[in-house]
Amino acid sequence: MSEPIQGGAPKYSEAFALYKAESTFSYEAAQAAMCGRKRGKKLQTVLAKKRGYDSCRNSCTCGPRPYEVKAVAVLFLAEVISPTASKLVEATEKWGNTREKNHTSRNLLYNTELPAFDFLATRPDLAQQFARHMKNSSRSPGNNPEHVVNGFDWSSLGHGTVVDVGGSDGHITIALARTFPHLRFVVQDLESTISNGSELLQGISQDVATRITFQGYNFFDPQTVIGANVYLFRWIFHDWCDHDAVKILKSQVSAMSANPASTLLIVDIVLPEPSTVDLLEERLLRVRDLTMMQSFNSHERELVDWQRLLQETNESDQSHWRLKLKGIHKPAGSLLSILEVVLEK
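Note that UniProt numbering numbers the sequence shown so that position 93 is 93, with each residue one more than the last.
Do not take every clue at face value.
[Unchecked claim] Quick list of in silico lysine to any residue cross-link-like pairs, SDA-like style, CA-CA up to 25 Å:
#1 Lys-135 x Thr-122
#2 Lys-345 x Leu-290
#3 Lys-330 x Arg-139
#4 Lys-326 x Ser-316
#5 Lys-247 x Arg-139
Bear in mind the hints are in silico, worked out from the structure with no lab data behind them.
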């Protein structure tokens, strides 16, 4: 193991060099580099900390989350997000005001012509890192699943069915299923993404697990679960440009029309007007907006952008059904808003 570093908190380079040799302790090393800031703190002391070290109170990626997830998340920010951001000016000079999925800062960083998700499919190491980073982010206070659990009247659905579209490993669904025992759930995502879902169900009680089904599904294709009570899209649309977002919305209309009471529930960021929220929240939201542009050529959306998406979907859909924004609210403490979208003739 590396020799202890004397003096102040270890530097980035020292922490990440140590990560290569001591990967099982990488979170403490990275956290000390990014958040320690205490004079005289030695890296050896940091490494001696037990798993689950959560003493940092700065704006880093901390909280009551699994140790390995934290380690990968911090490293993802340093090794992927920051280098991608550094390519933004070059990407703008090269491609200008483009929305092409493969004309991004990330394309320059990795020297690839593939869009982000297609590229991740060729790099299992980065795909795993990305998945763990997203899992970590979803458990931060502003993105906590409890905001979804408490932010909608799920009890009103009776013995209904909820489809968690793009639900990954089903962690949001599991939180809902534990709270609402009368509901049944279908978690949809690509086959490669839901492969760990069954393993996750083995670790929870049978009365919850038996009400959850995993299903391979591409949300650009017509929805295969017909007439569900709720089609839940949590943190999905911000990865996609407006053109693709309209395709995703259109793919749900036919299935919803089988049950006119169906609700399409979008849980995503609604950007506020400038200077209408506290500085810390606004800074975080604007950074996320930039991150979406750098990685996907997409963006976080203001309310008018969401309304325009629904309008464009309705104009391009040949059926007599129209999507209508019924309501929108933002649970206390949440960075994500909940948009209730229903069908009308």
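Evaluated hints:
A C-alpha spacing of about 21 Å is found between Lys-135 and Thr-122, which places the hinted pair at or below 25 Å, so the restraint holds. For the proposed pair Lys-345 and Leu-290, the alpha carbon gap of about 37 Å is over 25 Å, so the pair is violated. Only pairs whose Cα atoms come within 25 Å are accepted, and Lys-330 paired with Arg-139 is accepted, the gap being roughly 17 Å. About 20 Å separates the Cα atoms of Lys-326 and Ser-316, which keeps this hinted pair within 25 Å; it holds.
At roughly 29 Å between alpha-carbon atoms, Lys-247 and Arg-139 are farther apart than 25 Å, so this suggested pair is violated.
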